[in-house]
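*Asks:* Position one of the sequence shown corresponds to residue 57 (this note's numbering), numbered consecutively onward.
Don't read these hints as lab results, they were simulated from the structure.
Some hints could be false.
Computed cross-link-like contacts, SDA-like style, restricted to lysine to any residue with a CA-CA straight-line distance of at most 25 angstroms [unchecked claim]:
1. K77 x M145
2. K77 x L139
3. K158 x L139
4. K113 x N92
5. K158 x Q111
6. K151 x L139
7. K151 x K113
8. K77 x S140
9. K82 x A68
10. K158 x K113
11. K113 x P81
12. K113 x R131
13. K75 x Y157
14. K87 x S64
15. K82 x G161
16. K82 x E60
17. K113 x E129
18. K82 x N92
19. K113 x A62
20. K75 x K113
Restraint ranges, calculated between C-beta atoms of paired labels, are given here [said to hold, decoys possible]:
21. S128 x V154: 22 to 28 angstroms
22. R67 x N148: 34 to 40 angstroms
23. G73 x E134: 32 to 38 angstroms
24. N148 x S64: 16 to 22 angstroms
Here the structure is a predicted model, which means the values were calculated and not measured.
We put the CB at the ideal spot given by N, CA and C, even for glycine.
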Amino acid sequence: MPYEFARSLDRAEYLNGPKYKIYNPKVEAAKEEFLNAVYSFNEICISFLSVDHPQRKPLMVVPPFDWRNGPSEARYRELLSNLSDHAAMLINKYKLFVEVYKSEGFISDKI
């Protein structure tokens, strides 16, 4: 995953504050679900992703491959599975947010 994408997800969490409240209950609920999915995904990423080859551009964050074929391979597989599950949930919550956003008549060129 590109490092900049991961950083963008980190920056999305501040949108849960009162300054960015959407005064439409359906859209606000969908936004909160999406941001909770972002937070959950970030928690999994922080637990084991790291920058691969910091001298290369673009920076990429990847699982540490040195965990493979070692005593902690089961933990590696568990974290990888959790990351996959949370990524799927994040994508689904984003799609739901966009669907609700548009169904309520909101228009944006930024989503």
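*Asks:* For each hint, tell me whether it holds in the structure or not.
*Replies:* Verification of the supplied hints:
1. For the hint linking K77 to M145, the alpha-carbon distance of about 22 angstroms falls within 25 angstroms, and the restraint holds.
2. A distance of roughly 28 angstroms separates the Cα atoms of K77 and L139; the hinted pair therefore is violated under the 25 angstroms criterion.
3. Proximity of K158 to L139 is assessed by CA-CA distance (about 29 angstroms); at most 25 angstroms being required, the pair is judged violated.
4. A distance of roughly 30 angstroms separates the Cα atoms of K113 and N92; the hinted pair therefore is violated under the 25 angstroms criterion.
5. A threshold of 25 angstroms between alpha carbons decides the hint, and for K158 with Q111 the separation of about 42 angstroms lies outside it, so the pair is violated.
6. Between K151 and L139 the alpha-carbon distance is near 18 angstroms, which keeps this suggested pair within the 25 angstroms criterion.
7. A threshold of 25 angstroms between alpha carbons decides the hint, and for K151 with K113 the separation of about 30 angstroms lies outside it, so the pair is violated.
8. At roughly 29 angstroms between alpha-carbon atoms, K77 and S140 are farther apart than 25 angstroms, so this suggested pair is violated.
9. Only pairs whose Cα atoms come within 25 angstroms are accepted, and K82 paired with A68 is accepted, the gap being roughly 19 angstroms.
10. Distance hint between K158 and K113 is unfulfilled; the C-alpha atoms sit about 36 angstroms from each other, more than 25 angstroms.
11. For the hint linking K113 to P81, the alpha-carbon distance of about 42 angstroms lies beyond 25 angstroms, and the restraint is violated.
12. The suggested pairing of K113 with R131 is violated, with an alpha-carbon distance near 29 angstroms, which exceeds 25 angstroms.
13. The straight-line distance between the Cα atoms of K75 and Y157 is roughly 18 angstroms, inside the 25 angstroms bound, and the hint therefore holds.
14. Restraint check for K87 and S64: the C-alpha separation of about 16 angstroms stays at or below 25 angstroms, so the hint holds.
15. With a CA separation close to 12 angstroms, the supplied pair K82 and G161 stays within the 25 angstroms bound.
16. For the proposed pair K82 and E60, the alpha carbon gap of about 30 angstroms is over 25 angstroms, so the pair is violated.
17. Between the alpha carbons of K113 and E129 the distance comes to roughly 29 angstroms, so the proposed pair goes past 25 angstroms and is violated.
18. The hinted pair formed by K82 and N92 meets the criterion: a straight-line CA distance of about 15 angstroms does not exceed 25 angstroms.
19. Proximity of K113 to A62 is assessed by CA-CA distance (about 15 angstroms); at most 25 angstroms being required, the pair is judged to hold.
20. Taking the CA atoms of K75 and K113, the gap is about 35 angstroms. The hint is violated against a cut of 25 angstroms.
21. Checked against the hint of 22 to 28 angstroms, the C-beta distance between S128 and V154 comes to roughly 38 angstroms, which is inconsistent with it.
22. At roughly 21 angstroms, the beta carbons of R67 and N148 sit outside the given window of 34 to 40 angstroms.
23. Taking 32 to 38 angstroms as the suggested C-beta distance range, the pair G73 and E134 conforms, at roughly 33 angstroms.
24. Range check, N148 to S64: about 19 angstroms between beta-carbon atoms, so the 16 to 22 angstroms window is met.
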